[in-house]
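> Chain by chain, the residues run as shown.
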Amino acid sequence: MVMKIFRNFFKRIFSGMFKSKEDIRLGFYGPPNAGKTSLTNRICRDWTGEEIGSVSKVPHETRTVQFKEKVEIEYKGKKMTFKMIDTPGISTKIDYEDFLKFKINKKEAKNRAKEATQGVIESIKWLDDMDMVVIVLDATENPYNQVNITIIGNLIARKIPVLIVANKIDKKKADIKKIEAAFPEYDVVGISAKYGENLEEFYESVFKVSKKI
Amino acid sequence: MVKKNKKKVSHIKGFAIQFLPYSDIRDLNGDERIRKILGIILGNNILILQGKLKPEEESRLIGDTMAMIAHVKEFKGIELAVIDGEEEEGFFSKMKKGLVNALSGGDLGAITIIGPASVVKDIKRNPKKIELLLNQ
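The listed protein sequences derive, respectively, from chains A and B. Counting in my numbering, the first sequence runs from 1 upward without gaps. Counting in my numbering, the second sequence runs from 1 upward without gaps.
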């Protein structure tokens, strides 16, 4: 027992020493179509000039985990380097017929559904490898969704710091207060990834939450 | 008009609601719990589970559900919702609840609803009410 405590103590000290030299692994999680890729694209474009992936109105556009290394963000004279990790949206159901509404043919829709299921599995596996996570929620949707609660529960269990982003605040139906009421213990930042609204406050929160790593 | 009503009734016949007391899964490990739950769901049942799963079991359930969509014909996934007991609690009630949970092995003040997506279209959850919307 005493040995275990000592081992954990030294492990924490040493991992802390080396972690500070590595890029912070910043994951973007959330349900499909919340705007995870739009936000990571916006950040990567602002600080590296390159995007991370394609965006679409069709759900499950991101079906594999996407990375961008060495993204250096500067806020009020301070600099931090991140490894951006954009994950496929997590959902509890995937029906290929839902894709047919977007004028995708049956074969392609079935293939997309298959890849999307694998993407969800991959997203869940990656939870163990994050230093910090931004949960991107669509501010026009009901936040009391079990997927959101499951993701947050898993991050708490792994002691990974969390920042919640209420995206799409440019839309009339957006309701940040509802998201704040659903997750009162977390910092919630309202943004529009599409139009780049309120990103200063987002970066400020990223720097603030990163202190908990 | 009469014909329409008959059609709706015939659809409702296609599923059952099954209650699973926590005592039935208390002694099972994570894998066995998920297998048992998915077995009930694949039988086209809506499951009402006393208590709730651990966060890592919930994510495992989602992962296994995804794997099954790819392998089980007509299976489109699940709808899932957990209703917790009291939202705001004081220190002593939290401590009491923690003690009860430790003795029973799970949070018995919660209820978990899981249904196959082919039967349950959506579970709309607000803090004070829950709506189960079924597929027509």
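Some hints could be false.
Among the chain B residues that face chain A by a calculated CB cut under 10 Å, a handful are [to be verified]:
1) Pro21
2) Arg26
3) Asp27
4) Gly30
5) Gly39
6) Lys54
7) Glu79
8) Leu108
9) Gly109
The calculated lysine-lysine pairs, modelled on DSS-like cross-linking and capped at a C-alpha distance of 27 Å, are [what the hints assert, rightly or not]:
10) A/Lys110 / A/Lys83
11) B/Lys129 / A/Lys125
12) B/Lys36 / A/Lys177
13) B/Lys36 / A/Lys114
Derived by calculation from the structure, the hints in this document are not laboratory data. The model shown is predicted, which means the values in this text are computed figures rather than measured ones. Glycine included, C-beta positions come from ideal geometry on N, C-alpha and C.
> With reference to the structure, classify each hint as holding or not holding.
Evaluation of the provided hints:
Of the supplied interface hints, the one on B/Pro21 is violated, with its beta-carbon coming no nearer than about 21 Å to a beta-carbon of chain A, more than 10 Å. The beta carbon of B/Arg26 is not positioned within 10 Å of any beta carbon in chain A (closest approach about 20 Å), and the interface hint is therefore violated. The interface hint given for B/Asp27 is violated, since its Cβ lies 22 Å from the closest Cβ of chain A, which is over the 10 Å cut-off. At a threshold of 10 Å, the smallest CB-CB gap from B/Gly30 to chain A is about 13 Å, leaving the interface hint violated.
Residue-level restraint check for B/Gly39 is violated (minimum Cβ-Cβ distance to chain A is 17 Å; threshold 10 Å). For B/Lys54, the interface hint holds, the least distance from its beta-carbon to any beta-carbon of chain A being 8 Å, beneath 10 Å. A least Cβ separation of about 6 Å between B/Glu79 and chain A falls short of the 10 Å threshold, and the interface hint therefore holds. Given hint, B/Leu108 at the interface with chain A, is violated; its Cβ is 18 Å from that chain's nearest Cβ, farther than 10 Å.
For B/Gly109, the suggested interface contact is broken, since its CB lies about 16 Å from the closest CB of chain A, more than 10 Å. Between A/Lys110 and A/Lys83, the direct Cα distance comes to roughly 32 Å. Violation of the 27 Å bound is thereby established for this hinted pair. Proximity of B/Lys129 to A/Lys125 is assessed by CA-CA distance (about 32 Å); at most 27 Å being required, the pair is judged violated. With a C-alpha separation of about 38 Å, the suggested pairing of B/Lys36 with A/Lys177 is violated against the 27 Å cut-off.
The suggested pairing of B/Lys36 with A/Lys114 holds, with an alpha-carbon distance near 24 Å, which does not exceed 27 Å.
This entry does not satisfy hints 1, 2, 3, 4, 5, 8, 9, 10, 11, 12, going by the numbered hints stated previously.
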